[in-house]
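Novice: Now for the letters of each chain:
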Amino acid sequence: MAANYWASSQRLHWQMSRQRLAEVRSALDAQDPKTVQQYPLPELRHLSIYFNSQIARLGRRMQTRQQALATAQLYIRRFYTKVPIRDTNPYLVMATCLYLALKMEECPQHIRIVVSEARTCWPDVMPSDTAKLAECEFYLISEMNSYLIVHHPYRTLQDLTPVLSLTSEENNTSWQVINDSCLTDLPLLYPPHIIALTAIFLSVVLKTSLPQTNIHAAASSAVAANSSGSGGNSGGGGAYGASGQGPQARIGKLIEWYAESKVDMEAVIECTQEIISLYEAWESFTPSAEKNCKDQLCRMIKARGIV
Amino acid sequence: MQRAEDREVDDKDDRGGGRPGLLTSTSTIFNTTTPAQRPPSKRKREDTHNEEGDEGEDEQEEEDRGERGLHEEIMPPYKSKVRVLEEYQIIGFISSGTYGRVYKARSKLPGNTKEYAIKKFKPDKEGEVIQYTGISQSACREMALCSELSHENVIHLHEIILEDKCIYMVFEYAEHDLLQIVHYHSHPERRPIPEATIKSVLWQLLNGVSYLHQNWVLHRDLKPANIMVTATGEVKIGDLGLARLFWKPLQSLYTGDKVVVTIWYRAPELLLGSKHYTAAIDLWAVGCIFAELLALRPIFKGEEAKMEKKSTVPFQRNQMQKIIEILGSPSKERWPAVTQQPEYNQLQTFKQYPNNLEAWYHQIGATNALGFQLLSGLLNYDPTQRLTAQSALEHPYFSEGAKLTLNAFEGQSFDYPHRRVSQDDNDISLPGTKRSGLPDDSLGGSRAKRLKEG
Numbered sequence: 001m002a003a004n005y006w007a008s009s010q011r012l013h014w015q016m017s018r019q020r021l022a023e024v025r026s027a028l029d030a031q032d033p034k035t036v037q038q039y040p041l042p043e044l045r046h047l048s049i050y051f052n053s054q055i056a057r058l059g060r061r062m063q064t065r066q067q068a069l070a071t072a073q074l075y076i077r078r079f080y081t082k083v084p085i086r087d088t089n090p091y092l093v094m095a096t097c098l099y100l101a102l103k104m105e106e107c108p109q110h111i112r113i114v115v116s117e118a119r120t121c122w123p124d125v126m127p128s129d130t131a132k133l134a135e136c137e138f139y140l141i142s143e144m145n146s147y148l149i150v151h152h153p154y155r156t157l158q159d160l161t162p163v164l165s166l167t168s169e170e171n172n173t174s175w176q177v178i179n180d181s182c183l184t185d186l187p188l189l190y191p192p193h194i195i196a197l198t199a200i201f202l203s204v205v206l207k208t209s210l211p212q213t214n215i216h217a218a219a220s221s222a223v224a225a226n227s228s229g230s231g232g233n234s235g236g237g238g239a240y241g242a243s244g245q246g247p248q249a250r251i252g253k254l255i256e257w258y259a260e261s262k263v264d265m266e267a268v269i270e271c272t273q274e275i276i277s278l279y280e281a282w283e284s285f286t287p288s289a290e291k292n293c294k295d296q297l298c299r300m301i302k303a304r305g306i307v
Numbered sequence: 001m002q003r004a005e006d007r008e009v010d011d012k013d014d015r016g017g018g019r020p021g022l023l024t025s026t027s028t029i030f031n032t033t034t035p036a037q038r039p040p041s042k043r044k045r046e047d048t049h050n051e052e053g054d055e056g057e058d059e060q061e062e063e064d065r066g067e068r069g070l071h072e073e074i075m076p077p078y079k080s081k082v083r084v085l086e087e088y089q090i091i092g093f094i095s096s097g098t099y100g101r102v103y104k105a106r107s108k109l110p111g112n113t114k115e116y117a118i119k120k121f122k123p124d125k126e127g128e129v130i131q132y133t134g135i136s137q138s139a140c141r142e143m144a145l146c147s148e149l150s151h152e153n154v155i156h157l158h159e160i161i162l163e164d165k166c167i168y169m170v171f172e173y174a175e176h177d178l179l180q181i182v183h184y185h186s187h188p189e190r191r192p193i194p195e196a197t198i199k200s201v202l203w204q205l206l207n208g209v210s211y212l213h214q215n216w217v218l219h220r221d222l223k224p225a226n227i228m229v230t231a232t233g234e235v236k237i238g239d240l241g242l243a244r245l246f247w248k249p250l251q252s253l254y255t256g257d258k259v260v261v262t263i264w265y266r267a268p269e270l271l272l273g274s275k276h277y278t279a280a281i282d283l284w285a286v287g288c289i290f291a292e293l294l295a296l297r298p299i300f301k302g303e304e305a306k307m308e309k310k311s312t313v314p315f316q317r318n319q320m321q322k323i324i325e326i327l328g329s330p331s332k333e334r335w336p337a338v339t340q341q342p343e344y345n346q347l348q349t350f351k352q353y354p355n356n357l358e359a360w361y362h363q364i365g366a367t368n369a370l371g372f373q374l375l376s377g378l379l380n381y382d383p384t385q386r387l388t389a390q391s392a393l394e395h396p397y398f399s400e401g402a403k404l405t406l407n408a409f410e411g412q413s414f415d416y417p418h419r420r421v422s423q424d425d426n427d428i429s430l431p432g433t434k435r436s437g438l439p440d441d442s443l444g445g446s447r448a449k450r451l452k453e454g
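Residue numbers (UniProt numbering), protein chains in the order written: chain L, 1 to 307; chain D, 1 to 454.
Treat the hints with care, as some may be off.
What the hints assert, rightly or not - Example chain D residues on the side facing chain L (calculated, C-beta under 7 Å, incomplete):
1. Y78
2. Q131
3. Y132
4. G134
5. C140
6. M143
7. S147
8. H158
9. I160
10. L162
11. D164
12. A366
What the hints assert, rightly or not - Each pair of labels, with its calculated beta carbon distance range:
13. D/T312 - L/Y5: 37 to 45 Å
14. D/H156 - L/W6: 16 to 24 Å
15. D/W247 - L/N172: 20 to 28 Å
16. L/Q176 - D/Q346: 46 to 54 Å
17. D/E152 - L/S53: 40 to 48 Å
18. D/E358 - L/D264: 51 to 59 Å
19. D/T405 - L/D29: 52 to 60 Å
Derived by calculation from the structure, the hints in this document are not laboratory data. Bear in mind the structure is a predicted one, so any value in this text is a computation, not a measurement. In this text, a Cβ means the ideal position worked out from N, Cα and C, and glycines have one as well.
Next comes chain L alone, as it looks inside the complex:
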């Protein structure tokens, strides 16, 4: 339930294995291979990045809190494990997910505001009729089996920040990595605390101001360092944030704490790799790739008449 992830609908009904997720998706494609072939769409990571940027645009227009955006993104991801994307207008779905997420995160916006802001963002493809969005809301809730309460990694991060003496920079970076995890399948695959622990791990390993291009290398080496043994650099006591400790010692301490807390390190490493793949995809998400996303979606929507 709300306080207990292990008894939550998220854990019981909306978490699946990677293999299961792949099966679900290919089964959706198999329903109508002709249409899938006829309307090619960008690879999932690029599509996710594109959706994220679009929903963030819409969110910004309404000063939406990050947590509501994260909820909306997870709704989108859940919905598209049940419904073939080509049967929908993804812009309407995005706006609907945000509309519902705003209500669930207790910062609601009037349906007319959401529709009119969405129209401003996507004038060609967003229906102006509020009834369309409201109908889509039925569809969305029905496909999610009314399981609307979402557990996010932010809470674990907040709880662990004092425990692990995270600096505010580390906390910020972790927060951003959690935001980034919303662009991946991780929220469908792993419990939120694992994602939070991954974000913290990355933030400590990567230091804060590394440009994105270096994240991959730094993270890979950290993963390597981690698997080569955690006992090596545990010298020195004191708080985690204490200066005078080398970064390696700090990482060592963190890994030690993870080990003592019986954190599923395998899962953390898998999540780390997923995040790194996202950053790689991000690098290849050029303006032309973005335009390609937009054009392919637009073509699909218009040709299929599902504006």
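Knowing the structure of chain L, use the given hints to seat chain D on it.
Specialist: Coordinates of chain D only, in the frame set by chain L:
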């Protein structure tokens, strides 16, 4: 006895979060433009789940698309996979409120003999052609929370069906509720509820509230009409339409809903305009319910000052007066933070009263000293000192004296009437029409409604 129990959910939602007009919920959101006429579409939702979808149909779709042209609005219409009337046989109509109507039903599945209460949220628009208007926040909360919660003292949600622009929440059926039980014991003559029953009801109620609070859920509308009791004496907290999570909310609880809890059960910190109230408001309501089970009438039966403007919440002077008359003046000694309450100035204008709770307790004929202790602990002015659900459960009132049972009716032989179910108004598929101002209680209410509607 006419009870001022009408729900305020919709109104409250309308008052909305500090953004006047934004949350005017769905009741005022109608699209002024006529939606584009949908051409008949062969493409149904089911097609996507149809594994045998043959070529012929695909071609037909292509044609359809061609006919539609490029810019018509034809996202496939939403269709429910489950239909209420295919799954359930409606036995009759139970009650109605601003949210919609409740029906008693039986499953059509062979072998399933259980009974259900189906809560149908009315589409907001009345008459004419019903349109999708966006689901009220209250309905969203109730759907989300009920889907998540699972506890023996919280009403169990069987399923939710979203069909034909209506939401149907299918709950387990409970034969009684506390409002009806209190009424039975006070009419025509007064027959006190046995102590063992009160003890069992209160313990189960606290057990449910404790579960809600452990899960960061505030109920915010506890009152006798919302506390169900099954035929086998199990207490089930119902109606989570005002409930919400209170774990580090993005906005203060006050910003979301300016007024919560039916007036007679509203905690003093709410009456004094507290913006950051806590789970203690539910325990105050439990205290009021405990008192009502003992006295067979509401302990603080104030008159509600109506909202004049949507934006301002009036000070509920009469309700505060009723509380002060029994509990005495809320001094700084009894409630250190009272001076920080937004409406503290109002308090200065009240006459001073001593604490008369003990006298009240004896006057209604109650004698159990531990019961009095527990009641005082629940009706503590200071929300930080008020008993929590957990501490109340551990109170000696439950461990001493008459044995605590989990069947509230054990050892007694009262013949409580069954929930009134009306036969002649049981067409669940009719659009719900708004019956504003009518109480949504489950006792006598339907009779009154019949008269008014007839």
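Novice: Next, verify each hint and record whether it holds.
Specialist: Right, here's what the structure says about each hint:
At its closest, the beta carbon of D/Y78 sits 4 Å from a beta carbon of chain L; the interface hint therefore holds under the 7 Å criterion. A distance limit of 7 Å between C-beta atoms decides the matter here; for D/Q131 the minimum to chain L is near 5 Å, and the interface restraint holds. Interface restraint check for D/Y132: the shortest CB-CB distance to chain L comes to about 3 Å, inside 7 Å, so the restraint holds. Given the 7 Å rule on beta carbons, the hint for D/G134 holds: about 4 Å separates it from the nearest Cβ of chain L.
A least Cβ separation of about 5 Å between D/C140 and chain L falls short of the 7 Å threshold, and the interface hint therefore holds. The restraint placing D/M143 at the interface with chain L holds, with a minimum CB-CB distance near 5 Å, inside the 7 Å limit. Annotation: interface hint on D/S147 holds; nearest CB of chain L at approximately 5 Å, less than 7 Å. Evaluation of the D/H158 hint against chain L yields a violated restraint, the C-beta minimum of about 12 Å exceeding 7 Å.
The closest approach between the C-beta of D/I160 and any C-beta of chain L is roughly 5 Å, which is under the 7 Å cut-off, so the hint is satisfied. Nearest Cβ of chain L to the Cβ of D/L162: about 5 Å, under the 7 Å cut. The hint holds. Annotation: interface hint on D/D164 violated; nearest CB of chain L at approximately 10 Å, more than 7 Å. With a cut of 7 Å, the hint placing D/A366 at the interface with chain L is violated, because the nearest CB-to-CB distance is about 36 Å.
In this structure the hint that D/T312 and L/Y5 lie 37 to 45 Å apart at CB holds, the actual value being about 40 Å. Distance hint for D/H156 and L/W6: a CB-CB separation of about 20 Å, consistent with the stated range 16 to 24 Å. For D/W247 and L/N172, the Cβ-Cβ distance of about 22 Å falls inside the hinted range of 20 to 28 Å, so the restraint holds. Our hint of 46 to 54 Å for L/Q176 and D/Q346 holds, since their Cβ atoms are close to 47 Å apart.
The given range of 40 to 48 Å is respected by D/E152 and L/S53, whose C-beta atoms sit roughly 47 Å from each other. Judged by the Cβ atoms, the range 51 to 59 Å given for D/E358 and L/D264 holds: they are separated by roughly 57 Å. The hinted window of 52 to 60 Å between D/T405 and L/D29 holds, with their beta carbons roughly 57 Å apart.
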